[in-house]
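S.K.: Sequence:
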Amino acid sequence: MADNNNEINNAETYNIEMDSTQMDNTEVNVDLISRMNEMYPKMSKGQKKLAAYITSNYDTAVFMTAAKLGEMVGVSESTTVRFATLLGYNGFPEFHKALEDVVKDKLHSVQRIEISASKMTKAQVLETVMMSDAEKIKLTLDTISKSNFEEAVESIMNAKRIYVVGIRTCMPLATFLGFYLNLIFDDVTVVTTNNASEIFEQMININKDDVLIGISFPRYSMRTLKAMEFANDRNAKVISITDDKNSPLNLYSSCNLLARSDMATVVDSLVAPLSVINALVVSLCMKKADYVTEKLDTLERIWNDYQIYSNDEINMVDDEVAIRSIEK
1 MADNNNEINN
11 AETYNIEMDS
21 TQMDNTEVNV
31 DLISRMNEMY
41 PKMSKGQKKL
51 AAYITSNYDT
61 AVFMTAAKLG
71 EMVGVSESTT
81 VRFATLLGYN
91 GFPEFHKALE
101 DVVKDKLHSV
111 QRIEISASKM
121 TKAQVLETVM
131 MSDAEKIKLT
141 LDTISKSNFE
151 EAVESIMNAK
161 RIYVVGIRTC
171 MPLATFLGFY
181 LNLIFDDVTV
191 VTTNNASEIF
201 EQMININKDD
211 VLIGISFPRY
221 SMRTLKAMEF
231 ANDRNAKVIS
241 ITDDKNSPLN
251 LYSSCNLLAR
261 SDMATVVDSL
271 VAPLSVINAL
281 VVSLCMKKAD
291 YVTEKLDTLE
301 RIWNDYQIYS
311 NDEINMVDDE
321 VAIRSIEK
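According to the working numbering, the residues represented by the sequence shown are 1 to 328, in order.
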């Protein structure tokens, strides 16, 4: 605590800044820090203490209520609330949300659980999570670039080979997209990997005629980023599905599809990204409707001939339920 107090007492001697290891690349973070810098000369002594503490301890401050944050730096709760208002937020909760966005890609699992526990009770989990997911889809629909979406569709349509990469929590998204792309196109590779070298082995033939779709959300996967860098170096068309225009994935992509995924819990919401992927698949199917229909008809015959799916299903016959067993 002594070190923190020394840092706080010296708050008036410097302008608020974050070094390169602290700075997150999100627009919200830049906005929050710039607001603190801009308003610093107008702050009271207590507000400057808050600014100094938050700058140096943002990963701790994110877990605090207004009262706890004020207690930590030695100011009143009302001073903390006025500090948030001074920065242009509609009270402390809105400021706290911006602070969550600053650290969202730096939190480890235990910290995420702590945030979740502070934001909702067990009885609120179902409603809170589903409403938050719905909000992410709406925000994505409001902000996603329609021209980028169409460009992504055309790039995939014109590609000789299609590569999809998504690591760790984004692997289900990559697998889902790859499954449906394989129904539409003849040469699709979902890059699966346990280490960086395997990525390059699977992508060794990628070139200017191909497209790579990279999927990653905070925390961003370095392996996904390396795959996109490699594809970009080979002059392939690179598409990113990520959360923010300042995402590191966008360094190597020429077409960015932004989907909101900023729920600060132990599980990040991937509902909006999945919805964007669904839209991609539907749009591609519509453009290759005859081919997809023919391929699905062929698959249906194969599935029936080789009993791929069980016949233990419920059929409605003359308003009565009949159980059809594979053993019949």
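Simulated from the structure, these hints should not be mistaken for lab results. Model, not experiment: these values are computed from the prediction. Think of the CB as a built atom: it goes at the ideal place given N, C-alpha and C, for glycine as much as any other residue. Incorrect hints may have been included.
[Claimed, not checked] Here are the in silico distance ranges between beta carbons for each label pair:
| hint | residue 1 | residue 2 | range |
| --- | --- | --- | --- |
| 1 | ILE302 | THR65 | 57 to 65 Å |
| 2 | MET157 | GLY88 | 19 to 27 Å |
| 3 | ARG234 | GLY91 | 46 to 54 Å |
| 4 | MET286 | GLU38 | 22 to 30 Å |
| 5 | LYS68 | LYS208 | 35 to 43 Å |
| 6 | LYS97 | LYS45 | 25 to 33 Å |
| 7 | ARG301 | THR143 | 42 to 50 Å |
| 8 | THR65 | ILE308 | 49 to 57 Å |
| 9 | GLN202 | ASN235 | 15 to 23 Å |
[Unchecked claim] Using 30 Å as the maximum straight-line C-alpha spacing, the simulated DSSO-like pairs for lysine-lysine come out as follows:
| hint | residue 1 | residue 2 |
| --- | --- | --- |
| 10 | LYS226 | LYS160 |
| 11 | LYS287 | LYS160 |
| 12 | LYS138 | LYS245 |
| 13 | LYS45 | LYS146 |
| 14 | LYS138 | LYS97 |
| 15 | LYS97 | LYS68 |
| 16 | LYS208 | LYS288 |
| 17 | LYS160 | LYS146 |
| 18 | LYS287 | LYS208 |
| 19 | LYS288 | LYS160 |
| 20 | LYS288 | LYS146 |
| 21 | LYS245 | LYS295 |
| 22 | LYS42 | LYS68 |
| 23 | LYS42 | LYS146 |
| 24 | LYS45 | LYS160 |
| 25 | LYS160 | LYS68 |
| 26 | LYS138 | LYS288 |
| 27 | LYS138 | LYS287 |
| 28 | LYS288 | LYS97 |
| 29 | LYS146 | LYS68 |
| 30 | LYS68 | LYS208 |
| 31 | LYS208 | LYS226 |
| 32 | LYS208 | LYS160 |
| 33 | LYS160 | LYS138 |
| 34 | LYS295 | LYS146 |
| 35 | LYS45 | LYS97 |
| 36 | LYS138 | LYS295 |
S.K.: For every hint, state whether the structure bears it out.
M.R.: Here's how the hints hold up against the structure:
{"no.": "1", "hint": "ILE302 to THR65: 57 to 65 Å", "in the structure": "holds, 60 Å"}
{"no.": "2", "hint": "MET157 to GLY88: 19 to 27 Å", "in the structure": "violated, 44 Å"}
{"no.": "3", "hint": "ARG234 to GLY91: 46 to 54 Å", "in the structure": "holds, 50 Å"}
{"no.": "4", "hint": "MET286 to GLU38: 22 to 30 Å", "in the structure": "violated, 48 Å"}
{"no.": "5", "hint": "LYS68 to LYS208: 35 to 43 Å", "in the structure": "violated, 55 Å"}
{"no.": "6", "hint": "LYS97 to LYS45: 25 to 33 Å", "in the structure": "holds, 26 Å"}
{"no.": "7", "hint": "ARG301 to THR143: 42 to 50 Å", "in the structure": "holds, 43 Å"}
{"no.": "8", "hint": "THR65 to ILE308: 49 to 57 Å", "in the structure": "holds, 55 Å"}
{"no.": "9", "hint": "GLN202 to ASN235: 15 to 23 Å", "in the structure": "holds, 18 Å"}
{"no.": "10", "hint": "LYS226 to LYS160", "in the structure": "holds, 22 Å"}
{"no.": "11", "hint": "LYS287 to LYS160", "in the structure": "holds, 16 Å"}
{"no.": "12", "hint": "LYS138 to LYS245", "in the structure": "holds, 18 Å"}
{"no.": "13", "hint": "LYS45 to LYS146", "in the structure": "violated, 47 Å"}
{"no.": "14", "hint": "LYS138 to LYS97", "in the structure": "holds, 18 Å"}
{"no.": "15", "hint": "LYS97 to LYS68", "in the structure": "holds, 16 Å"}
{"no.": "16", "hint": "LYS208 to LYS288", "in the structure": "holds, 23 Å"}
{"no.": "17", "hint": "LYS160 to LYS146", "in the structure": "holds, 24 Å"}
{"no.": "18", "hint": "LYS287 to LYS208", "in the structure": "holds, 23 Å"}
{"no.": "19", "hint": "LYS288 to LYS160", "in the structure": "holds, 15 Å"}
{"no.": "20", "hint": "LYS288 to LYS146", "in the structure": "holds, 20 Å"}
{"no.": "21", "hint": "LYS245 to LYS295", "in the structure": "violated, 37 Å"}
{"no.": "22", "hint": "LYS42 to LYS68", "in the structure": "holds, 23 Å"}
{"no.": "23", "hint": "LYS42 to LYS146", "in the structure": "violated, 41 Å"}
{"no.": "24", "hint": "LYS45 to LYS160", "in the structure": "violated, 63 Å"}
{"no.": "25", "hint": "LYS160 to LYS68", "in the structure": "violated, 58 Å"}
{"no.": "26", "hint": "LYS138 to LYS288", "in the structure": "holds, 28 Å"}
{"no.": "27", "hint": "LYS138 to LYS287", "in the structure": "holds, 26 Å"}
{"no.": "28", "hint": "LYS288 to LYS97", "in the structure": "violated, 43 Å"}
{"no.": "29", "hint": "LYS146 to LYS68", "in the structure": "violated, 44 Å"}
{"no.": "30", "hint": "LYS68 to LYS208", "in the structure": "violated, 55 Å"}
{"no.": "31", "hint": "LYS208 to LYS226", "in the structure": "holds, 17 Å"}
{"no.": "32", "hint": "LYS208 to LYS160", "in the structure": "holds, 9 Å"}
{"no.": "33", "hint": "LYS160 to LYS138", "in the structure": "violated, 34 Å"}
{"no.": "34", "hint": "LYS295 to LYS146", "in the structure": "holds, 29 Å"}
{"no.": "35", "hint": "LYS45 to LYS97", "in the structure": "holds, 24 Å"}
{"no.": "36", "hint": "LYS138 to LYS295", "in the structure": "violated, 34 Å"}
Checked against the numbered hints given earlier, this structure breaks hints 2, 4, 5, 13, 21, 23, 24, 25, 28, 29, 30, 33, 36; the rest are met.
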